[in-house]
Amino acid sequence: MRWLFVLPFFVPFAVFPGSPLIAAKIGALLGLWCVTGYAFGSFVLRESSWDLKLFAGMAFLLLGSGIVLWLSGILTGDYRYAYIPLVGLGAAILWFGLKRS
Amino acid sequence: MGFNGYRFIGGVFCKGMRPNSRIVIVALYVLVAVLLLRGILAPYGGELDNPYPLGYLAGDTMWHYAYSDALRDEGSTRELPSFFALGEEGLAFFQPVIFYHLAASFADLTGVPTYEATMILVGFMGVLIGLLLVAGVRRIVSDWAYLALPMTILVATSPFVQVFSWGFHIAVSGFVGLALFAVLINEKVSFKPLVIGAVLSFCVLAFLDAFVYALAICLAFVGFFVVKGRWGDMLKGIKPSLIALTVVFVMTGWYFLVMSKTWFVHGSRINWFVPYDVPWDAEIVSLGVWAVPVLVGLVVSVVRILKDDDSRYIPYVSLFLLSLSLYIGLERIVRYNFLLPMFLAPLVAIAAARIPKRFAHWSVGVAFVSVLVVFFSSSFLAVGSTMMSPVEWYAIEELSELSDDPVLFVAHRVGTGQNHALFGLKRTPVFVEWSEFESYDGTLPVKAMCGVRRGIVTTSLEESTRDFDLCFNVQNRDVCDFSTVYFGAFPNEQINAIQNEILNDLTSRGAQPILQHESFIVLDVRGACS
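Residue numbers (this note's numbering), protein chains in the order written: chain V, 1 to 101; chain Z, 102 to 631.
Keep in mind the hints are simulated off the structure, nothing from the lab.
Predicted model, so just to flag it, every value in this text is computed and none were measured.
Cβ atoms here follow ideal geometry from the backbone N, Cα and C, with glycine treated the same way.
Treat each hint with caution, since some may be false.
Stated by the list, open to error - 27 Å max Cα-Cα, derived DSS-like pairs, lysine-lysine: (1) Lys99/V x Lys293/Z; (2) Lys329/Z x Lys293/Z; (3) Lys289/Z x Lys408/Z; (4) Lys293/Z x Lys362/Z; (5) Lys99/V x Lys289/Z; (6) Lys337/Z x Lys527/Z.
Unchecked claim - Here are a few chain Z residues that face chain V, going by a calculated C-beta distance under 7 Å: (7) Arg139; (8) Val213; (9) Leu232; (10) Arg239; (11) Pro294; (12) Val296; (13) Phe303; (14) Val492.
Given these sequences and hints, build the entire structure.
Okay, here's the thing in structure tokens:
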């Protein structure tokens, strides 16, 4: 059923049908957020339902990214430097989380 | 083969599909997310990259845009953007930080303007709160939880939609943390003390009130253990709680230090008893007919807690009790109350679970139909709703490019109640206080709109002795103290007549128009004052 993770990609097209190009970018971001959130949820919420793993994982990653960006801004002077470690962290979460799910 | 609830909806997707199968439930979640976002972002009319901010119905929305956009320019929140403090640099940034960083990154990564990134992001956060709580309560009530989803659509309707259009963005970001806490506290979580500590830290850094509300949920658990005499359970919770609080201390220590010098001492937001000037129409009764299942769910939950010793219902009852804080004078709880369709949805799910089990296979089908019925019978904000006209936004963008000096607004259409709507300028807006105006003699009673607290603190955490009186008090100032003066059409003939008098005086002395439109004129007054 993992193919269902393609669905979030299409959500922005339904919300913003008048701007397909930007909707595609938002969709890509939303899709990545969903799949990484689910992977993280699978990692820490082993006995919970799939939807709770998904939404709790998404919420945790969202707010956690906010803190990483903030710290990056404080420590390096630009929050954008956090994009590189965040991508690495996301990849690691995907690898370990999806192996466990 | 008889008609049943599952085939009624499930058959739409695939004949022979299992009742309430995962694909149908995913489709339901996607439908709710799409409809909610369409409702919340109705002013966009399905279009992105609009040339001016849409859905902005109060000054605070612009405030959050200004912080986020300044962050994109500056790169960090080491310092408060200078335009929040009459151009002064080196002051501590004391606002909750998470939302602004996420909004700035969202704008970077998607290419939408920052003023849209803030609105879209807060919309996503609102949707996530509802879906997260419904998924959380499903642990207790199984598939009945989906019957709570239709109620979440109400958050996109009046009065609740104000949480987005009036700019409670940082509150919403904190409430994502609160919802996550309410759900995780019931779950079996790996490394639970660390995860809960991180979630509480998110609450602190996103919106401090959310942290206090999370502690209130903890207090409810303590009360439950005391009433039930479950001392062993309470003692078992002490060690993980201490670990969690240590995580909070480590992750948020710096922020608490800043807060201890600003909001804790001088501010207003941390004082929940300070009156809050918004209409108090976000209450339980605002849910209309949905208040009935909410109250039924409340009664069921209380019975379960007291009779069956079931502590899993405690977070959901606590979320209800928080909404009642309004009635004991905690007026700022209204920011929470604007999200009641989300926070009380679990109680609807709990009430729905009283329906006989033999109808369980109908739950997702009924939820589908109800979501569509609620959406199509609701009214949302009109397409194009906003407080800023395209031409006024154009003026703001042009002025922000010209200089960093404060701008004197003799009058502006948004009025004195929403002055911070002009923070989009990235120059401190200074306003004439017409209630104290007597006559024009080259000076005017003015007051600056600032983003600093009365206890102004520098980045070295020392209280500043610099004079920021103009930020908080009306003072008579010479028009020549400013380089740029804005005159705007105002719905008061007397004020417009005085504006003309000042305008004529300045232009006769050599002031030059920078921007001109039938509804406003902006003068560079340096020529008239030299």
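Now the hints, each set against the structure:
no.: 1; hint: Lys99/V x Lys293/Z; verdict: holds, 21 Å
no.: 2; hint: Lys329/Z x Lys293/Z; verdict: holds, 24 Å
no.: 3; hint: Lys289/Z x Lys408/Z; verdict: holds, 23 Å
no.: 4; hint: Lys293/Z x Lys362/Z; verdict: violated, 32 Å
no.: 5; hint: Lys99/V x Lys289/Z; verdict: holds, 19 Å
no.: 6; hint: Lys337/Z x Lys527/Z; verdict: violated, 52 Å
no.: 7; hint: Arg139; verdict: holds, 6 Å
no.: 8; hint: Val213; verdict: holds, 6 Å
no.: 9; hint: Leu232; verdict: holds, 5 Å
no.: 10; hint: Arg239; verdict: holds, 6 Å
no.: 11; hint: Pro294; verdict: violated, 12 Å
no.: 12; hint: Val296; verdict: holds, 6 Å
no.: 13; hint: Phe303; verdict: holds, 4 Å
no.: 14; hint: Val492; verdict: violated, 23 Å
Of the hints listed earlier, those the structure fails to meet are numbers 4, 6, 11 and 14, in rising order.
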